[in-house]
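Colleague: One-letter residues, chain by chain:
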Amino acid sequence: MSDRIIVPPPKRLGQTLGILTVILVIVASAIFARFNIIEVILGLQRGGRILARMFPLPGWFGPLMETLQMAVTGTFWGALLAFPIAILSARNIVDVPWIRVPLRFFLNILRTIPAMVFAAMFVAIFGIGNFSGVIALVIFSFGLVAKLLFESIEAIDEGQVEALRSLGADTLTVIRYAVLPQILPQYISYTLYAFEINVRSAAVLGYVGAGGIGQLFERALAWRRFHEVGELVIVSFVVVLFLDFFSAKVRRSLI
Amino acid sequence: MSKGFEPKIYYRTAFPMDSEGRFLVPPALSRTEFMGRILNYLIMALIVIWGLAGLQFKGIMQTAAATVESFGRAFIQPDFSYLLDTTMDGLPWALLETISIAVAGTFVSALLSLPFALMASENLVGPRVAAWGKTIITAIRTFPELILALLFISVVGPGASAGILALGVHSIGMLGKLFSEAIEAMDMGPKEALESCGGRPMEVLTRAILPQVSPELISFTLYRFEINMRAAATLGLVGAGGIGAPLIFAINGRQWPRAAIIILVLVITVILIDNLSAAIRKRLISGR
Numbered sequence: 001m002s003d004r005i006i007v008p009p010p011k012r013l014g015q016t017l018g019i020l021t022v023i024l025v026i027v028a029s030a031i032f033a034r035f036n037i038i039e040v041i042l043g044l045q046r047g048g049r050i051l052a053r054m055f056p057l058p059g060w061f062g063p064l065m066e067t068l069q070m071a072v073t074g075t076f077w078g079a080l081l082a083f084p085i086a087i088l089s090a091r092n093i094v095d096v097p098w099i100r101v102p103l104r105f106f107l108n109i110l111r112t113i114p115a116m117v118f119a120a121m122f123v124a125i126f127g128i129g130n131f132s133g134v135i136a137l138v139i140f141s142f143g144l145v146a147k148l149l150f151e152s153i154e155a156i157d158e159g160q161v162e163a164l165r166s167l168g169a170d171t172l173t174v175i176r177y178a179v180l181p182q183i184l185p186q187y188i189s190y191t192l193y194a195f196e197i198n199v200r201s202a203a204v205l206g207y208v209g210a211g212g213i214g215q216l217f218e219r220a221l222a223w224r225r226f227h228e229v230g231e232l233v234i235v236s237f238v239v240v241l242f243l244d245f246f247s248a249k250v251r252r253s254l255i
Numbered sequence: 001m002s003k004g005f006e007p008k009i010y011y012r013t014a015f016p017m018d019s020e021g022r023f024l025v026p027p028a029l030s031r032t033e034f035m036g037r038i039l040n041y042l043i044m045a046l047i048v049i050w051g052l053a054g055l056q057f058k059g060i061m062q063t064a065a066a067t068v069e070s071f072g073r074a075f076i077q078p079d080f081s082y083l084l085d086t087t088m089d090g091l092p093w094a095l096l097e098t099i100s101i102a103v104a105g106t107f108v109s110a111l112l113s114l115p116f117a118l119m120a121s122e123n124l125v126g127p128r129v130a131a132w133g134k135t136i137i138t139a140i141r142t143f144p145e146l147i148l149a150l151l152f153i154s155v156v157g158p159g160a161s162a163g164i165l166a167l168g169v170h171s172i173g174m175l176g177k178l179f180s181e182a183i184e185a186m187d188m189g190p191k192e193a194l195e196s197c198g199g200r201p202m203e204v205l206t207r208a209i210l211p212q213v214s215p216e217l218i219s220f221t222l223y224r225f226e227i228n229m230r231a232a233a234t235l236g237l238v239g240a241g242g243i244g245a246p247l248i249f250a251i252n253g254r255q256w257p258r259a260a261i262i263i264l265v266l267v268i269t270v271i272l273i274d275n276l277s278a279a280i281r282k283r284l285i286s287g288r
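Here the protein sequences come in this chain order: A and B.
Numbering follows my numbering, with no gaps: position 220 of the first sequence is 220.
Numbering follows my numbering, with no gaps: position 108 of the second sequence is 108.
Hints may contain errors.
Some chain B residues near chain A, calculated using beta-carbon distances under 7 Å [said to hold, decoys possible]:
#1 L52
#2 Q62
#3 L146
#4 R207
#5 A233
#6 T234
#7 P246
#8 I248
#9 F249
#10 G253
#11 Q255
#12 L264
#13 V265
Derived list of chain B stretches under chain A, where covered just means 3 residues or more per stretch with a C-beta under 8 Å from a C-beta of chain A [as the list claims (entries may be wrong)]:
#14 44 to 51
#15 266 to 278
FYI, nobody ran anything at the bench for these hints, they're computed from the structure.
The structure displayed is predicted, hence computed values, not measured ones.
Even for Gly, the Cβ is constructed at its ideal location relative to N, Cα and C.
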């Protein structure tokens, strides 16, 4: 007795004919009704405009998105730049004192200057706009992530590094297969931490003309429209709360 | 997430190599894992592109070259007369005011944080109350410092007091969280012993809880002091006292030699304070 289930062979021809008929009917009705997919795609914008007028977005929506975009860009590039610098200033990977010592000194100095001051200086160079704010955030997150990262690189398990070195691996291979896997969770966690801080500071950078929701804050306060200030406080509160929750969740899934 | 990179596998197989001496890649991912990872990367890439799309680069200001040049020159020849000006308009006074704002603000917040931290500790008040306590602390943390400073300016007028109050309230958000984590990690033995002997809540607090967690509490407070030192430097922007106001005025007025001396002094002070407080913290934690 076999445990095979016997399935009747499908009626191929009938099935194919059926599907073809259905497709034919659909296509024919579309052609008969002069339906044109290109027209739909071209016209989508007009529909979107009407929708936007039906459900108008509040005035803070654009600046809020700008703030988030600034925080994302600033954190991403800052954290990306931080990785090679952290490798270079970690004592156990690249042991060159005349690179390490000045780099660490430089990182220390970067972290002592508030992002606001950087933003004000870049506004003098790049003009008013969010670009200056983003550069300030890049520098801030670079300093923060690089400092935390080289400390955790120095705390990794040396066994894997030695095992690779003893097999004749060069420094790049050691970094890829012994260092990176060990520090990746911390790296992402520090980046998220920098992101949380950046969202908060991006929200006030507008004060010095560096874009984002801070400009609205400043304007509302200058005109003493306190109901607008309250609205902005609630909005940024909800966004920050949501992002904190989200990054806590990501962090927990890493550890 | 990095399931393919488990160190266990490395130890067991001792880095498998192929005949040409190249390292073999870590074990292959299953199809769903692979697709999930690709999806993660795609979402990441989309978020980064979205962020870049919001960037408005309007080119460099025409005066930028001159600005950078005079800025660089300012660091070679900073405005030393401002440093030596010992009146109320001088740098030493502003610096002292900044430090005192940070000290007083941190002290206020350390005191205010304790009740919030107790309320947010699950092992003292149970999970339901603790959840509320944690929410309140998070709410305080997300309220921007500068807005708080503006609120307090309308209460006490522009000046250092507004800065102290703003830092004092805002720091509850971080200190309360760290304090409650320290309390939650403590040994419950002394507390239960005191309670079973009929100790009143205040006695339990001062004789069982605080003695255990105080080194950590002081260490966190010092750490927050380092952060507040930096924050106090920006509060001046809205008129809450300290070194921030002259700094922003100097930058906006393109008085680079003055901005340079303020930044130099600020950097040196902050580094000194950081090192001092790091040394104290290390001592506290090692218990000597």
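Colleague: Does each hint hold? Answer for all of them.
Modeller: Hint by hint, here is what the structure shows:
no.	hint	in the structure
1	L52	holds, 6 Å
2	Q62	violated, 9 Å
3	L146	holds, 5 Å
4	R207	violated, 34 Å
5	A233	holds, 6 Å
6	T234	holds, 5 Å
7	P246	violated, 12 Å
8	I248	holds, 6 Å
9	F249	violated, 10 Å
10	G253	violated, 10 Å
11	Q255	violated, 11 Å
12	L264	violated, 10 Å
13	V265	violated, 11 Å
14	44 to 51	holds (count 4)
15	266 to 278	holds (count 5)
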